[in-house]
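**Student:** Each chain, written out:
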Amino acid sequence: MSRHEIRFELNGEARTAEVEADRLLLDLLRADLGATGTKEGCRIGICGTCTVLIDGRPISSCLYPAVYADGRKVRTIEGIAPDGGKLTPLQQAFIEQGGFQCGICTPGQIVSATALLEAHPKPTEDEIRRWMMGNLCRCTGYFGIRRAIETAAGTAR
Amino acid sequence: MSAVETHPAIPYLPTPEERVEGREKVTGHARYAMDVPIAGALWAAFVGSPYPHARVVSVDAKRALRMKGVRAVISGKDTAPVRFGRRLQDWPILAHDRVRFMGERVAAVAADTRELAEEAARAIEVEYEELPPVFTLEAALAPEAPVLHPERASYLYLGGGEPPKTTHPNQQGVVIHEHGDVAAGFAAAARVFEHTFEYARNHQGYLEPRGTIVWIEKDGVVHVVTTNKAPFTLRMQLSKALGIPEETIVVDAGYIGGDFGGKGLSIDEPALYFLAKKTRRPVRSLLSLSDDFQVTNPRHPGTLRLRTAVDAEGRILAHEAHVLLDGGAYAAGKPQAGLIPGDAGLLLAGYRVPAARVEVVTVYTNNEPAGHVRSPGQPQSAFAADSQIDEIAREMGIDPLEIRLRNAIQPGETDITGHEWHDHLAREVLETLAREMKWDRPLEQRSLGASALDGPAVPRSSTLVGRGIGYCARHVGRGKTELEVEVAEDGCVYVITGAPDQGGGAHTMLQRVVAAELGLPVERVRARRGTTAETRHDPGVGGSRFTPVAGGAAIDGARRLRAELEKLSSDLDEALRLAAERHLRVPGMFDQTQSRYSVCAYGVTVAVDRDTGQFRVTDAVLVADVGTVINPVAHRGQLEGAFAFGLGQTVMEDLVIEDGRVVTANLDGYKLPTMPDVPPLRIVLLTEDYGPGPFGAKSVGELANAAVGPAVANAVRDAIGRRVWSCPITSEKVFEALSGARG
Numbered sequence: 002m003s004r005h006e007i008r009f010e011l012n013g014e015a016r017t018a019e020v021e022a023d024r025l026l027l028d029l030l031r032a033d034l035g036a037t038g039t040k041e042g043c044r045i046g047i048c049g050t051c052t053v054l055i056d057g058r059p060i061s062s063c064l065y066p067a068v069y070a071d072g073r074k075v076r077t078i079e080g081i082a083p084d085g086g087k088l089t090p091l092q093q094a095f096i097e098q099g100g101f102q103c104g105i106c107t108p109g110q111i112v113s114a115t116a117l118l119e120a121h122p123k124p125t126e127d128e129i130r131r132w133m134m135g136n137l138c139r140c141t142g143y144f145g146i147r148r149a150i151e152t153a154a155g156t157a158r
Numbered sequence: 117m118s119a120v121e122t123h124p125a126i127p128y129l130p131t132p133e134e135r136v137e138g139r140e141k142v143t144g145h146a147r148y149a150m151d152v153p154i155a156g157a158l159w160a161a162f163v164g165s166p167y168p169h170a171r172v173v174s175v176d177a178k179r180a181l182r183m184k185g186v187r188a189v190i191s192g193k194d195t196a197p198v199r200f201g202r203r204l205q206d207w208p209i210l211a212h213d214r215v216r217f218m219g220e221r222v223a224a225v226a227a228d229t230r231e232l233a234e235e236a237a238r239a240i241e242v243e244y245e246e247l248p249p250v251f252t253l254e255a256a257l258a259p260e261a262p263v264l265h266p267e268r269a270s271y272l273y274l275g276g277g278e279p280p281k282t283t284h285p286n287q288q289g290v291v292i293h294e295h296g297d298v299a300a301g302f303a304a305a306a307r308v309f310e311h312t313f314e315y316a317r318n319h320q321g322y323l324e325p326r327g328t329i330v331w332i333e334k335d336g337v338v339h340v341v342t343t344n345k346a347p348f349t350l351r352m353q354l355s356k357a358l359g360i361p362e363e364t365i366v367v368d369a370g371y372i373g374g375d376f377g378g379k380g381l382s383i384d385e386p387a388l389y390f391l392a393k394k395t396r397r398p399v400r401s402l403l404s405l406s407d408d409f410q411v412t413n414p415r416h417p418g419t420l421r422l423r424t425a426v427d428a429e430g431r432i433l434a435h436e437a438h439v440l441l442d443g444g445a446y447a448a449g450k451p452q453a454g455l456i457p458g459d460a461g462l463l464l465a466g467y468r469v470p471a472a473r474v475e476v477v478t479v480y481t482n483n484e485p486a487g488h489v490r491s492p493g494q495p496q497s498a499f500a501a502d503s504q505i506d507e508i509a510r511e512m513g514i515d516p517l518e519i520r521l522r523n524a525i526q527p528g529e530t531d532i533t534g535h536e537w538h539d540h541l542a543r544e545v546l547e548t549l550a551r552e553m554k555w556d557r558p559l560e561q562r563s564l565g566a567s568a569l570d571g572p573a574v575p576r577s578s579t580l581v582g583r584g585i586g587y588c589a590r591h592v593g594r595g596k597t598e599l600e601v602e603v604a605e606d607g608c609v610y611v612i613t614g615a616p617d618q619g620g621g622a623h624t625m626l627q628r629v630v631a632a633e634l635g636l637p638v639e640r641v642r643a644r645r646g647t648t649a650e651t652r653h654d655p656g657v658g659g660s661r662f663t664p665v666a667g668g669a670a671i672d673g674a675r676r677l678r679a680e681l682e683k684l685s686s687d688l689d690e691a692l693r694l695a696a697e698r699h700l701r702v703p704g705m706f707d708q709t710q711s712r713y714s715v716c717a718y719g720v721t722v723a724v725d726r727d728t729g730q731f732r733v734t735d736a737v738l739v740a741d742v743g744t745v746i747n748p749v750a751h752r753g754q755l756e757g758a759f760a761f762g763l764g765q766t767v768m769e770d771l772v773i774e775d776g777r778v779v780t781a782n783l784d785g786y787k788l789p790t791m792p793d794v795p796p797l798r799i800v801l802l803t804e805d806y807g808p809g810p811f812g813a814k815s816v817g818e819l820a821n822a823a824v825g826p827a828v829a830n831a832v833r834d835a836i837g838r839r840v841w842s843c844p845i846t847s848e849k850v851f852e853a854l855s856g857a858r859g
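Those sequence lines, one after another, are chains D and E. Numbering-wise (our numbering), the first sequence opens with residue 2 and increments by one. Numbering-wise (our numbering), the second sequence opens with residue 117 and increments by one.
Okay, chain D solo, but in the shape it has when bound (with noise of 0.2 Å):
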């Protein structure tokens, strides 16, 4: 297997990377990075717990060969909030309206409605399904993920 450097930001900081051309992305932030924030679910694209941004666009990162994140944006859930920083309102917004129970796709689906947002800041109710139908959720049935969108977005009826 070939090897290739790789250099990208992750989070806002540059990093660089040697990786195996097969080597995926969940694995390089997990195991090489320690980057654990990113959760590792089905491992074939179906359940979006493993949601990253690249350049600001949701990728199943369990899908995603590492080399292909040369020279591009990586923001994972740890690049949401800053370390130690405040909470954003969706983060917020999470906690209150029970967006989250277990927790293990909410680092998924916190990446994933946090692009939704840059990309419409007061989403439809279609606007929401659509977007976030990548991510599975098993123990809120999503009511509490749609009422903390909505309620960072000011949209909350």
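Any given hint could be a false lead.
Here are a few chain E residues that face chain D, going by a calculated C-beta distance under 8 Å [stated by the list, open to error]:
no.: 1; residue: P325
no.: 2; residue: G374
no.: 3; residue: G607
no.: 4; residue: C608
no.: 5; residue: R644
no.: 6; residue: T647
Source of the hints: derived by calculation from the structure; they are not laboratory data. C-beta atoms are modelled at their ideal positions from N, C-alpha and C, and glycine is treated no differently.
On the provided structure of chain D, position chain E as indicated by the hints.
**Tutor:** Same frame as chain D, now just chain E:
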């Protein structure tokens, strides 16, 4: 709890809680088993059988062992005769003589990396000799059927007592209960109804893969980091299986990324123990969800044959049930004495049943072993029994709500098992539901779906609408637990528990109960979870038990602390200051013995496309008898989540096994509901009846998923005039029912 109404804590409890672990969970800092860094840990991988039933002739690991970085390979030879399980320890750590289901583990590897371990596992050559498999209940129970567990009598049966008496060697578990004069009930009946229902296999669907780390310290202490939701129980099971004292095992279970009943059974820990012993290094595993779907413990599928005798007004006189469930290759996933899943025998939950005979049998087959899933046994029994009640109503020309009101169990009456029920709201739940659904008004015609995501636009003329009620009840959990309450140097009160949090909000409940009982601001009380070496015995999160049992222990601990504080000073702040200096620590203990129930009912509407059978639940109302609410946000979340969980099980989830092979072995084939799949839900809580939990709380986590099945079944029946007798109720089955109606 007679003091409830005047308790000063009550006004405090309705304030929405902030989860103690909230900040960690929304920032990605909550640490799950898969995130725990262990220096020098090896990775484990397993070799699974490609046959559902075969003799293991030989295991050849030479090629794997030659790979650089492969540290050990073990097979059944190394682990025999050890077996594991929650009650009956019938599941070999690694198959030692034969495999009984496809995917059953035959060998395990420890290697430097996860990828290498997986590659080495693929390099292990196993020779098998195929044996005739049994896949169906009929085949397994045939007189000449191959006996799957000829050595059963030698298996360890935990928890005392005798294993259930079986009449066929392939029976796994048997529970029979009978009360009242059943024959007289049938003799006196105006009508007798007999129906057979089928229920498919479904998976817990947690998104966190099972993760385990095992290492053995120089002093011989075995450390286990796990996703198991009952660490003390796992410690006991490991102790029994491995023959080592409980005191030499330390189990650490932190945040669990979804359990839904499944993570009471551990399958990796015993094998990792052998690998750790052999390599003298920590060994970890992270089971892929694909493997989890194939080799763990999904819900029991089966057949439920019900006979119900009623009088001329539709009142139940007697009931007979034969429930036959596919337990798969091993009974290890079932913790209960009779080796049946939970309440599979509690047909007609929430109904008055003067006389009944119920027989529940679980059966060994060469399918994936079955186990516990949220409200074990109840989705099956509720789907069958509450569909039958609906059918009886329609056959007899009685309103479906009215027949339930006539039969709803009242305080002091007996249920199907002969138990008397008290302190529950059954009629009130149904009456409230009727008001909320506007049951006395005909259902308005409406188009299928409110948004483009709800499916292709369907012309109004081809849409059939219907509404249905699903009614069910569940016990409030019982049992014993212990914890500790401490005043620490920072002046805060700590509740110290050995119970992990699997998402239900366990630690926040403890925090709020102690704060409420002591009259302290919630910020002054914290929850701390510890390993089995650091905490008192706790039976784990499950069985609808945590709030009524551990909440009782929290009250007890708070009261003991208050008594100690009063000795120090009459001023609470001064007493806490003095207690902090002394590290004052008291136990909290509770034994919840009261047998109590909660009742709930759904009303749902469905819209069905007459031409294709495609249908959607368009609206739902849930009325639940819940007692006092302690964590309002988590409480609502449990009910909302249970609705979506129940909906998935009812309309889409089917863990299909064909010739022993799991066909829907990950989330691409096994569909979980997504955000657009879940319709609006209104929840109405009845809180005036007090439960046996702290401040009058009842349990809620497993109350509300089972009744979704019959509610949808009955609504579809209302819409199309035909019943779908098997769950899940897919569009294909609705189409077939509609075709039958046309033909």
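**Student:** Run every hint past the structure and note whether it holds.
**Tutor:** Consistency of the hints with the structure:
no.	hint	verdict
1	P325	6 Å, holds
2	G374	5 Å, holds
3	G607	23 Å, violated
4	C608	20 Å, violated
5	R644	18 Å, violated
6	T647	20 Å, violated
In this structure, the hints that do not hold are numbers 3, 4, 5 and 6, in rising order.
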